[in-house]
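Chains as they are written, first to last, in this note's numbering: chain A, 1 to 331; chain B, 332 to 626; chain C, 627 to 1031.
Honestly, the hints are just simulated from the structure, not real lab data.
Some hints could be false.
For the chain B half of the interface with chain A, some residues (derived, Cβ under 7 Å), not all of them [as the list claims (entries may be wrong)]:
id	residue
1	Ile432
2	Tyr433
3	Leu504
We put the beta carbon where it would ideally sit given N, CA and C, even for glycine.
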Amino acid sequence: MNQPVNPADIHKAIVEQQKIQDRKKLMVNGVLLLLLLAAPFVMYPVFLMKILCFALFAVAFNLLFGFTGLLSFGHAAFLATGGYTTGYLLSNFSGLTTEMGIIAGTAMATLLGLAFALLSIRRQGIYFAMVTLALAQLVFFFFVQSEFTGGEDGMHGIPRGELFGLINLEDNLNMYYFVLVVFIACYLLVQRIVGSPYGQILKAIKQNEPRAVSLGYNVDRYKILAFVISAALAGLAGSMKSVVFQLASLNDAHWHMSGEVILMTLVGGMGTLLGPVVGATFVVNIEYLLSQGPLRDWVDPILGGTFVLTVLAFRSGIVGEIQKFIKKNLG
Amino acid sequence: MSMVFGVPLAVLSGQLMIGIINGAFYALLSLGLAVIFGLLKIINFAHGAMYMLGALVTVVLFDLLSVNYWVALFVAPVLVGAFGLLIEYFLLRRIAGQDHIYSLLLTFGAALIIQGVLTNIYGVSGLRYSMPDMFKGGINLGFMFLPYYRAWVIVVALLVCFGTWFIIEKTKLGSYLRAGTEDSQLMQGFGINAPLLVSLTYGFGVMLAAFAGVLAAPIYSITPVMGSNILIVVFAVVVIGGMGSIGGAIITGILMGVIEGLTKTFYPPASSAVIFLVMVVVLMIRPTGLFGKEA
Amino acid sequence: MINMKKSFLAMILSAVIVSDAQAEISDDIVKIGYLADMSGTYRDLVGPNGLAALEMAVDDFGGKVGMADIQIVSADDRNSPDVASSTVRRWLENEDVDMVAGFVASSVSLAAIEVIKENNKLGIVSGSIASSITNEHCSPNHIHYVYDTYPLAVGTARAVVEEGGESWFILTVDYSGGHELEAAVSSVVEASGGEVIKTLRHPFPTPDFSSFILQAQASGADVVALANTGADAINAINTAGEFGLTQSGQKLAALLLFLTEVHSLGVETAQGIQLTTGWYWDMNPEARAWADRFFEKTGVRPTMVHAGIYSSTIHYLNAVEATGSDDSQIVRTQMINTPINDMFATNGRIRQDGRMVYDMYLAQVKTPEESQGEWDLYKIVRTIPAEEAFRPLSNSVCPLVTDNR
C-alpha cells in the first residue's frame, strides 16, 4: 500500500484497460453485425425489418428520454408523419425513387419536431409530457380529417420501388439490407452524439438542469436540438416502416404508440445505447408470439404486467440490469 | 328565433346546459386525479380503470345480489376504494420517492392488466344497467328537455366536488393531510401515521373515480375499456387546471365541458381534439396550468 | 422461427409443384388462418367466437377434405394493419396457409388482402363494412361474404322512407366506414323521395351523445339515423331514450347494429328500432339448429358474422373437395359457380367481383312483451331480395367486372 506509485504507470494501465475494453466492444459489435447480416436466412425478413424499425424508433425516443431526461408522450406523431409523408409521395409520384420518399418523410417529421420543440421545451416534467401528448393528439386529429391518409382505412399498397432507381426493394432481402444499413448508421450516429461533448451536456442537463444553466449553457437550445434529432430519427423509422409494410395507418399516430415506445425503452433499459434495441425486440416479439398462441386473448394484460414488473423490479431494464450485474460480479 | 352564429339561441342554451352537466362530470373525475397528484405526487393513469370499476361493480352487485342504485352509490366506491388501497400498498408504495414518471408507468401497466382481464370476462359489447325508476323522464325547460337523471348528476357531482375541496383546503383534517403527505417524518413526530395517511388519500381519490363510475352506469355503455377512452380527456383537464390544484380541477372541468359542448355545436368532429388545443394554448401562457403553483 | 429456412425451401418446392400440377392439395394439408380482433373493440362481434364458428365448420367436415387434413391457425390482429399484414404474410409465405378467414376492421382487411393477392392465396372477409373491398379494392383473391354498407343503407333507409320518414338527420362516426355509410344512406334516401336535412360527424369514440341528440331533436327531422356502431351506437341509443327522442315523434334508425349490441341495450331501450341484418339466429329452423349448437359451444347466440364465417368455410371446403385442389383460383371459381343455400344464406351466390350476394332482412327489435328470452330480440319484417340488396355490378368500378363488360 505504501509503495510509491508512478502516475505514468497508472495512465499506462488505464490506457491498456481501455484498449482491451475497446477490443472487447469491437468483438461484440462484430458478432452482432454478423448475426444481423445472417438473420434473414434464419428468420422471417419482414419481421426482422419490423423489429429494426421499432428499434430505431425506440433509439430515437431514448436519445430524448434516456439521455436528456425529457419524457415525450407524443412521439407517435413523428412516426406517423414520416410514414404518411413517404407513403403519400411514393404512391402519387411514380418518378420518385424510394430514398427520396424516405428523405422527404424524415424532413417532414424533423420540421414537426422543431415545431413541437419550440412549443414545449420550456415546460417542465409532467407538463412537458402533457404538452407533447396534446400536440400529438392534434396531429392525430389532422390525420383523421385529412383525405390523403385514408382515415381509418389507412394508406395501402405503397410501392416499395427502387432504391436510387437501381436496387429493387420488392425483394425482401434487398429491403432488409437497406433497412439494416440505415439502422446501423442511425445507431452509430446516436452513439456518436451521446459520446460527444454535446452528449455530455445533455447528460448534465438531465442530471441537474439548474446547474447546467448556471454553468452558462443555453440549455433550451441543446434540448431543442436533441428533440429535433429524436423526432427526425423517429420519422425516419416511420418512413421506412411504411415502405417495408407498404402501408401507413392511424395506429402509428395513436397515443398508445407513444406509450408503447416508452415501454420498449424502459424494458430494454433507458439511458443505455443498446437498451431500446433490446426492448423493441422484446416487445415486438412478445406481442407477436402471444397474439399467435393460446394466450392470444391476454396480450394486453401481459404487456401491462411487463410494465408493472419492470418498474417495480428491473427499473434499469434488461440491458441496465445486465450492466449492473457485470459491474458487480466481473468488474 | 334569435340566432347566434347561425345557431338558434334555444339550441345554444341547451348545448350550454349539456356542457355544464358534462363539465360537472369531468370535474368529479378530475377531482380524484388532482387529489392524488396534489397530495401524493402520484400520476394515476389507473384512474380511468377505477372509474370503470365503479360502474362495473354497480352492475355486478345488481345482477348478483340485487343491490339497488342508492346502496351501490356508497358500496361500489368503498369496494373500489379498498381495491385502490391494495394497489397503493402492494405497488405504489414500492416506488415512493422515485420520479413521478414511474408512478405513471406503473399505474398505466396496472390499468392494462385490469382492463384486459375484465375484457376476457365481460366482453366489450357493454353491460346493461337500468335507470332507477324515480329518475325516468324529465322536465321541459322550454329550450330543452332535461332528463331528471342529468339534473341529479349535476347536483351530486357539484356537491361532492365542493365538499372535497372544502375538506382538503379548509378543515383541520385537510391540513393534516397536506402536511402529512408533504413531510411524513414531521407528522410521525406528532404521532400521526403518515403511510396510512398516504394509503387513505389514494383510496379516497380512487373512491371519487368509482363514484363517478356509479353515476355513469345508468347512462353510458359499461365496458371494461370505458375508462381508457375518457382518461386522456380527464388528464387534460387536470393539467390545464394545474396539476394538484383541487379547485383548479373543478373549475377547469366545468369550463372544458362547456367548451366541448360548444365545439359539438359548431364543429363536431373536433370535439375530442379541442381540449388538447386548449391545453397547448394554456400551457404556452401559463406553464403550470391555470391554477398551478409556479414550479 | 427456427424452421423458417426449412419452410422457405418447402415454399419454393411447393411453388414449383403448384405450377406443374395445379389440381392437387399442396402438401396434403388444407390450412386455414383465422385473423380477427380477439381482444379489442370488435372482440364480441367476431373475436374468439368467430374462431369457434370456424372450428365447427372444420369439425362438421370431419377434420379432413378427402385425404387431406384440415388445420387451423389463428391470431389476434390487435386492430392493427401492421400486425395483420405481417401475420398474414408469414402464414402465406412460410406456413403454407391456403385461406385466411375472419377480418373485422376495414384497415386490417385492406392490408391483408394486398398480401393475399401478392401471394395468390384466398381471403374470405366476413366482418368488415367497407363496400370498397369488392369495388375499388377488388381482387381475384378474396371474397366478401356477409354485409357491407350498401345493403345496410338500402335495407333500412328505403324501408323507413316508405313508412313516411321523409326528412333525415344522420349522425355519423367520423371515420371512413361512417362516411361511406352516410353517403350510401343519403343517396338511397334521396332516390326514395326523402331528404337529408343535416349530417353531423362525431369523433370516435364519443363518450357522451347528449349534445348530438339535442341537436337532432332541434333539427325537427322525421328520422334520426345512426351511422355508427359498437359503444357509440349503444350510447347514442341510450341517450336518445333518456332525452325522449322517440316520444316527441322522431324515429330512430340504426344502420349498423349487431345482435350483441342489441343484447347489451336490452329490448326495453332498443324496442322498435329497425335494422338490416344478413342473418338472425331465430329466423328459420336451420338457423336455429345451428345457433343451438353454437350456443352449446360458446354460451352466447351467434351474430351474422359468426354464422357467415361458418357458412363461408363450409362453402370453401366443399369447393376444395369438389375440385380436389387448394389452388386459390380453382377454388374461387368453383365457389363462384356453386350457389349457396344453407343455414346462413338463401339465394346466395358469389359474383365475379368477389361479393357474396344473398337475401338480406329488415328486422325490428321486439318489445318487452314480445320478447320471450334474453336473446329473443328481432322479428323479421321483410326480406330484401339479393338483387336489390347489393350494389349492382353495373355501378362497379372493379376491374374484374369492368374488363369483361
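Here is what the structure says about each hint:
1. Proximity of Ile432 (chain B) to chain A holds as hinted, the smallest CB-CB distance being about 6 Å (cut-off 7 Å).
2. The beta carbon of Tyr433 (chain B) comes within 5 Å of a beta carbon in chain A, closer than 7 Å, and the hint placing it at the interface holds.
3. A cut of 7 Å between beta carbons decides the hint on Leu504 (chain B): the least distance to chain A is about 27 Å, and the hint is violated.
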